[in-house]
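Chemist: Given the structure of chain C, go ahead and fit chain E onto it with the hints provided.
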Amino acid sequence: MMLHYFLRRAFLISFVFVALTVLAFSLSYLFPGEVLNNVSGLTTIEPEQRQALIQYYALDQSVLMQYLAYLNRILDGEWGLSFSSQQPVLAEIFAVFPATLELASYALILSFVLGIPLGLFAAVKADHFFGKLISGITLVAYSIPIFWWALLLIMLFSLTLGLLPTAGRINVLFDIPTSTGFMLPDILLSDISYKSEAIMDALRHLLLPAVVLATYPTTVMIRFTRDSMLMVLEQSYIKTARAKGLSRTQVLYHHGLRNALLPVIRQIGLQFSTLITLAMITEVIFSWPGLGQWLLDSIYQRNYPAIQGGLLVVSCLVIVVNMLTEILHTLFNPLARKV
Amino acid sequence: MKKFRLYFEEHNRGPLTQLWLQFQRQHAAVFGLVLFSFFLLLTLFALILTPHDPYQQNSDLLLLAPSWSPEGLVQYPFGTDDLGRDLMSRLMKGATYTFGIALITVIGSLLMGLALGATAGMSKGVKSSIFNHVLDLALTIPSLLLAIIIVAVLGPGLWNTTWAIMLALLPQFVHGIRNAIQDTLRQDYVAAYRLDGASNWQVLRYAVLPNIWEHITVMATMALSTAILDIAALGFLGLGAQAPTSEWGAMIADALDLIYLAPWAIALPGILVFASVLSVNLVGDGLRTAMTKRRDN
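Residue numbers (this note's numbering), protein chains in the order written: chain C, 1 to 339; chain E, 1001 to 1297.
Everything labelled a hint here was simulated from the structure, so no lab data went into it. All values reported here derive from a predicted model rather than from experimental measurement. Note that CB positions come from ideal geometry on N, CA and C, so glycine has one too. Please note: incorrect hints may appear among the correct ones.
Stated by the list, open to error - Cross-link-like lysine-lysine pairs, in silico, DSS-like; alpha carbons within 25 Å at most:
#1 1124(E) <-> 132(C)
#2 244(C) <-> 125(C)
#3 239(C) <-> 1293(E)
#4 125(C) <-> 1124(E)
#5 125(C) <-> 195(C)
What the hints assert, rightly or not - Covered stretches of chain C (in silico footprint by chain E; criterion: 3 or more residues with CB under 8 Å from a CB of chain E, positions within the stretch not fixed):
#6 106-120
#7 146-160
#8 168-178
#9 274-283
#10 318-325
Chain C extracted, bound-state conformation (with noise of 0.2 Å):
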């Protein structure tokens, strides 16, 4: 039975794999400029170079060949040159690629710690003032424009009280040795006499990004926590195990959260590619060295095999993250396993 839905759901990935990545191969004939050029990456090419270039990258061959060329290069790892900086695209994007994984990670345990308890919280209390005050604030706070609501804490926080720094992971007299690329594993890993200086200076960096990024996700999670709890409260089961005897929080607790999350998990991987979105604007504004400002500084340079390969790599984990909550919903759902 499982083996079956693994399978169908491997078969799946695999389909959208290939759809994804013809779509970025289409992207090198889209582009302007010369489609050898947006292959290959580099910005001049000499004459006797051509030749060897196009027998290369099977340019005088037909579509398909082109494609399977194409596939073969992606999965050996040879992703193009940067046009801006001539350097192996992968490369770059695995430089950069950790900082956003950091950011959006941390965003999205906040996100976790505060939505889940407080949705909670706001669907017993629904007709309480503090959870109508919960609400409120939630549909507040969903409103908010994200680079605005950026701007603001920057104000208040850096311009106004001075507390808090502006741009970046660290201080740059900070001299951290990258291992992960991971900004806090980084300096724990580290053999450095200031180590317990760089970790505050990196938690200090790290705040208001993470907050402003945090913002959305948190209330995304908080509505969908109250809906989803208020819906399961209405169940006849719920009257059933409180008929049984057992006591409210009994009842919350066995009966209640485990059905009220299971939707929630599911809306996790449906917001992911929303929160991508929303980190590469945090970290444009706060200087985030991660993929985000990368591929906005790629498309202010015209940067294209960077922008195809950022697609690439991007799309792919938002699938990969949609389809480990799809599993772990169906893992959790007994009702979701037998279609």
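Modeler: For chain E alone, coordinates are given in the frame of chain C:
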């Protein structure tokens, strides 16, 4: 009006009237509706209402403070920007771009979604399955990335990014409409209608659509708030509306250099984006609650 009723009559209100009765009981939703109408009017009549030309540069009045500060002039309620353009006129004109174009985007996306969703909802088996997975692909590409790609192909501009936002909104419409249609198709009244000999098109037109349009409206309000936020964000990043255009996001980006000198030039467009999104969300939430309450009654 009769003072008393002699005979007992059953009083049946139409579904729309019931919806409105439930809607107007929620003060927040009514407030949202008023705010929404205000923005709609501003969008339609911004050209007539603006006190000054939003693009007229006045070199004598650069960076004029708002009228509530001692240096301000009452003719320029929100002051002027660094080129001497009246900020209030620009903000009013901005409604046409941020709010108006978001509306157009949602309507366009909704129409496409309706066509695709209806096709997907009425079809079964392999065709519908393939369709679903192509959509899943579209869902995986974040809207900003989609906009970046479209800007890379077509060049920056408000209308080019509109396509990106439309495409980004499309999957949720198609999914939502498809699910709504399939839920309705399971109802007994549809089966009865089919037994009467209705064709697929007739079932869709007379049995399904009248029952899902409220659901679609709620979806559209959610999409509208996303669209406004996206247009403003793309304008802010310099991918959407370009420099002289007084789109709210682009205005914030313009004023960024003046963050110390003229913080109100950043605060005001942001407040407008916020207020417009809030109004849309309030109306959407109100509609949703009203629909649930009507169903429960």
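Chemist: Confirm or reject each hint.
Modeler: Comparing the hints with the structure gives:
Of the supplied pair hints, the one linking residue 1124(E) and residue 132(C) is violated, its CA atoms being roughly 43 Å apart against a limit of 25 Å. Distance hint between residue 244(C) and residue 125(C) is fulfilled; the C-alpha atoms sit about 23 Å from each other, no more than 25 Å. For the proposed pair residue 239(C) and residue 1293(E), the alpha carbon gap of about 21 Å is at most 25 Å, so the pair holds. At roughly 43 Å between alpha-carbon atoms, residue 125(C) and residue 1124(E) are farther apart than 25 Å, so this suggested pair is violated.
For the proposed pair residue 125(C) and residue 195(C), the alpha carbon gap of about 44 Å is over 25 Å, so the pair is violated. Chain E is given as covering the stretch 106-120 of chain C, and this is violated because 0 residues of the stretch bring a CB closer than 8 Å to a CB of that chain, at least three being needed. Here the stretch 146-160 of chain C counts 7 residues with a CB under 8 Å from a CB of chain E, which clears the bar of 3, and the coverage holds. Coverage of the stretch 168-178 of chain C by chain E is violated [criterion: at least 3 residues with CB-CB distance below 8 Å; count 0].
With 5 residues having a beta carbon nearer than 8 Å to a beta carbon of chain E, the stretch 274-283 of chain C meets the requirement of three or more and the stated coverage holds. With a cut-off of 8 Å between beta carbons, the stretch 318-325 of chain C has 3 residues touching chain E; three or more are needed, and the interface restraint holds.
Of the numbered hints stated above, those contradicted by the structure are hints 1, 4, 5, 6, 8, listed in ascending order.
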